[in-house]
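Q: Here are the chains, one letter per residue:
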Amino acid sequence: MEQRAIADTLKTQFSEEVVDIVEYQGQVGVLLRPDQIVPILRWLRDSADLRMDHLRALCGVDNSKRKTSYPERFEVVYQLYSTELRHEIRLRVLLPEKDPHVDSVVSLWSGANWLEREVFDMFGIRFNQHPNLKRVLLPDDWEGHPLRKEYPLKGRKEWQGLVELKERIQELDQHGFYPPPPVEAKKGGTAKKGAKNPVEPQKTVAQAAGPASAGKEKTATVAAALPAGVNTGKTLRERDQA
Amino acid sequence: MKEPSKQTVEVPVATGDEDRYRLRMGPQHPATHGVLRVDLELDGETIVACDPQVGYLHRGIEKLAENRTYAQTLILTDRLDYIAAMSNNCGFCVAVEKLLAITPPLRARYIRTIVNEMSRLASHLLWLATHALDIGAMTVFLYCFREREILLELFEELCGARLTFSYPRIGGVRQDVNAYFIDGLQRFIDIFPEKILEYETLIDTNRIWLKRTVGIGKVSREKALSLGLTGACLRASGVDYDVRKHQPYDAYDLVDFEVPIGQEGDSYARYRCRMEEMRQSVRILQQCIDQLPPGPIVGEDAPDLHMSQRIIPFREARVSAYGTGLIALSHKTKPTYPAGDIYVATEVPKGELGFYIISDGSPRAYRMHIRSPSFIHISALTALSEGGLVADLITNIGSVDVVLGESDR
Chain A
0 MEQRAIADTL
10 KTQFSEEVVD
20 IVEYQGQVGV
30 LLRPDQIVPI
40 LRWLRDSADL
50 RMDHLRALCG
60 VDNSKRKTSY
70 PERFEVVYQL
80 YSTELRHEIR
90 LRVLLPEKDP
100 HVDSVVSLWS
110 GANWLEREVF
120 DMFGIRFNQH
130 PNLKRVLLPD
140 DWEGHPLRKE
150 YPLKGRKEWQ
160 GLVELKERIQ
170 ELDQHGFYPP
180 PPVEAKKGGT
190 AKKGAKNPVE
200 PQKTVAQAAG
210 PASAGKEKTA
220 TVAAALPAGV
230 NTGKTLRERD
240 QA
Chain B
0 MKEPSKQTVE
10 VPVATGDEDR
20 YRLRMGPQHP
30 ATHGVLRVDL
40 ELDGETIVAC
50 DPQVGYLHRG
60 IEKLAENRTY
70 AQTLILTDRL
80 DYIAAMSNNC
90 GFCVAVEKLL
100 AITPPLRARY
110 IRTIVNEMSR
120 LASHLLWLAT
130 HALDIGAMTV
140 FLYCFREREI
150 LLELFEELCG
160 ARLTFSYPRI
170 GGVRQDVNAY
180 FIDGLQRFID
190 IFPEKILEYE
200 TLIDTNRIWL
210 KRTVGIGKVS
220 REKALSLGLT
230 GACLRASGVD
240 YDVRKHQPYD
250 AYDLVDFEVP
260 IGQEGDSYAR
270 YRCRMEEMRQ
280 SVRILQQCID
290 QLPPGPIVGE
300 DAPDLHMSQR
310 IIPFREARVS
320 AYGTGLIALS
330 HKTKPTYPAG
340 DIYVATEVPK
350 GELGFYIISD
360 GSPRAYRMHI
370 RSPSFIHISA
380 LTALSEGGLV
390 ADLITNIGSV
400 DVVLGESDR
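Order-wise, the sequence lines are chains A and B.
Under numbering that gives the first Met the number 0, the first residue of the first sequence carries the number 0, and numbering increases by one thereafter.
Under numbering that gives the first Met the number 0, the first residue of the second sequence carries the number 0, and numbering increases by one thereafter.
Just to be clear, a hint being listed does not mean it is correct.
Claimed, not checked - Simulated pairs of lysine-lysine, PhoX-like, Cα-Cα distance not exceeding 20 Å:
hint, chain 1, residue 1, chain 2, residue 2
1, A, Lys156, B, Lys62
2, A, Lys66, B, Lys244
3, A, Lys64, B, Lys244
4, A, Lys148, A, Lys64
5, A, Lys165, A, Lys153
6, A, Lys97, A, Lys148
7, B, Lys62, A, Lys148
8, B, Lys222, B, Lys97
9, A, Lys66, A, Lys148
10, A, Lys153, A, Lys64
11, A, Lys153, B, Lys62
12, A, Lys97, A, Lys64
Stated by the list, open to error - Simulated restraints, written as ranges between beta carbons of each label pair:
hint, chain 1, residue 1, chain 2, residue 2, range
13, B, Leu196, A, Thr11, 36 to 44 Å
14, B, Glu385, A, Thr11, 38 to 46 Å
15, A, His100, B, Asp50, 22 to 30 Å
16, B, Pro337, A, Glu157, 53 to 61 Å
17, B, Leu162, A, Asp48, 43 to 51 Å
18, B, Asp42, A, Asp140, 26 to 34 Å
19, A, Thr67, B, Gln185, 26 to 34 Å
To be verified - For the chain A half of the interface with chain B, some residues (derived, Cβ under 8 Å), not all of them:
hint, residue
20, Ala6
21, Gly28
22, Leu49
23, Arg50
24, Leu54
25, Val60
26, Arg65
27, Thr82
28, Asn112
29, Leu161
30, Val162
31, Leu164
32, Gln173
33, Tyr177
Worth flagging that the hints you see were computed from the coordinates, not collected in a lab.
In this text, all values refer to a predicted model and were calculated from it rather than measured experimentally.
Don't be surprised by glycine CBs; every beta carbon is placed ideally from N, CA and C.
If we strip away everything but chain A, and leave its shape as in the complex, we get (with noise of 0.2 Å):
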């Protein structure tokens, strides 16, 4: 059936639902009040000679930033097709900015389930008699829904599971493979560069750390602890020979 068709059938049949009927490109879309939506889907997909079997998508729409003025903030958009007689119709249900809320249609397609978590997760959409209705791609404790115009592109603030995960970072690097050098080090450079200097292979690690050790019990410990040779910039035939 052609889609004008369609959406005059259910014009005739739900009159006082039907807000408007939009065509662009060949293609159909009804605009509908909320409070009918299961009854009229149910009967898209019941009815003999229309038989839409197959919930193509499902998704919300903001329209506050939209350039012409639209009668309602928020559109729910169901997109129906019919695999037996290959026909499609698109519904568009106008909703509220203030508290927007559409009955679930779970119960005629279970493959609802999931959109509707996600309008209700980008958008905020409510839907009545919803088994699960909780976030579905964002954390739980997520503020604001994204795809509403008001929502900047790069979000407001972190997510707060980020800020935590990335403390515990910062804990664990304390004692992690490459732990951040003790602040005594920075102070008496000849250790290290005594230590790294390829030119004086004859030091030992122990010796190299010796003369400014004064202060640095705890560096000098800790290199002396290290095998001979161990960071001194020899290699492993020099060390052998030695």
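Knowing the structure of chain A, use the given hints to seat chain B on it.
A: Relative to the frame of chain A, chain B by itself:
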């Protein structure tokens, strides 16, 4: 030393439920094919409740698309299904072309069909490789990657990239195919049917393969439609629905191919469907090579996107009808964009990929929703797996063929 705190440990009272426990599988589990986490409640080895968790790869592509021009959004679609990025590019281009009323030339449509089917083969090969590996057939994994490599090299020859192509453009394709590419493709499709036989010899009558796929993750026809399954998952349940046949795009109405339909709706039927699809893809590729018409690869009314084949004077590019590309925008010309909304679906290897684009007359999409098959297929895992064994969940994740980049967007 801290003294261990003296706590009384509660000994669970036997209630008949003592075998029940929770298991969090993933997001780093190798069999979840990415960053999918599945929260399981188990009774022994039987799954009582299965709750997949997605979102680890969420990049806000729909939000980004509202802030970029259509040409700039194209590269984001590579990052959806990175296994078959070419199909995603084509799907997006087809949708924007319909929105802006642009017709790509015939040659471009054929080339797109070629790359579409090539990426279907590449995706199905990767699916078969990993699915077989999950079930325990290591050899198939190596064989499949051997053939996938040929395809990736052909892609590299075509556009210089192996995974994220951005090769199709709104109104055409980026570059023309060369003789080397066509030769290589011809050689590939000459040998590939034998390779499919080789895989089938390895696993088709393998007792372990059969035991682990036949009757596992069974979905009836009605249930599959209710769950919103598409692609091979839906066809394995006996529903004749393929967007390439139902609402043809590119050159699919000009080539002859069949859509394999299964009956049982289990993992084995899904496997059979995909194997047959590969054979049909080879058929389509052969016809495309034979029929490939000469002519331009970019339409006259296409938005200028710095196409190497279409060198036009700078000033002319500014005022071209839909001068919607990167260049046109930087010159403050104001091309007219129609206002309207459009939903265009294409058949990607995973299922039906749909783009719902609303335009309000600005060069950016006012809203772009991506109907991603993987997202819906993951949500169907609950229905497929509850009541089965943990090992069958691995089979199910593999056989519905999901990719998390597309699911999380």
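Q: With reference to the structure, classify each hint as holding or not holding.
A: Against the structure, the hints:
1. Lys156/A to Lys62/B: Answer holds: lysine 156/A to lysine 62/B is near 16 Å, not above 20 Å.
2. Lys66/A to Lys244/B: At roughly 37 Å apart (the allowed maximum being 20 Å), lysine 244/B and lysine 66/A break the hint.
3. Lys64/A to Lys244/B: violated, 37 Å
4. Lys148/A to Lys64/A: holds, 7 Å
5. Lys165/A to Lys153/A: holds, 19 Å
6. Lys97/A to Lys148/A: Status holds; Cα separation ~15 Å.
7. Lys62/B to Lys148/A: OK: lysine 62/B and lysine 148/A at ~9 Å, within 20 Å.
8. Lys222/B to Lys97/B: violated, 32 Å
9. Lys66/A to Lys148/A: holds, 13 Å
10. Lys153/A to Lys64/A: holds, 18 Å
11. Lys153/A to Lys62/B: holds, 10 Å
12. Lys97/A to Lys64/A: Cα-Cα ~16 Å, so holds.
13. Leu196/B to Thr11/A: 36 to 44 Å: violated, 56 Å
14. Glu385/B to Thr11/A: 38 to 46 Å: holds, 42 Å
15. His100/A to Asp50/B: 22 to 30 Å: holds, 24 Å
16. Pro337/B to Glu157/A: 53 to 61 Å: For glutamate 157/A against proline 337/B, whose Cβ atoms are near 39 Å apart, the range 53 to 61 Å is violated.
17. Leu162/B to Asp48/A: 43 to 51 Å: holds, 46 Å
18. Asp42/B to Asp140/A: 26 to 34 Å: Holds - the Cβ-Cβ distance for aspartate 42/B and aspartate 140/A, about 31 Å, lies within 26 to 34 Å.
19. Thr67/A to Gln185/B: 26 to 34 Å: 52 Å Cβ-Cβ, so the 26 to 34 Å window is violated.
20. Ala6: Violated. Min distance 15 Å.
21. Gly28: holds, 6 Å
22. Leu49: violated, 14 Å
23. Arg50: violated, 11 Å
24. Leu54: Interface hint status for leucine 54/A: holds (6 Å vs cutoff 8 Å).
25. Val60: Since the shortest Cβ distance to chain B is 5 Å, the answer is holds.
26. Arg65: Hint on arginine 65/A: holds, closest Cβ of chain B at ~5 Å, below 8 Å.
27. Thr82: holds, 4 Å
28. Asn112: Result: holds, 6 Å to nearest chain B Cβ.
29. Leu161: violated, 13 Å
30. Val162: Check failed: Cβ of valine 162/A comes no nearer than 18 Å to chain B, outside 8 Å.
31. Leu164: Result: violated, 13 Å to nearest chain B Cβ.
32. Gln173: violated, 19 Å
33. Tyr177: violated, 23 Å
Checked against the numbered hints above, the structure breaks hints 2, 3, 8, 13, 16, 19, 20, 22, 23, 29, 30, 31, 32, 33 and satisfies the rest.
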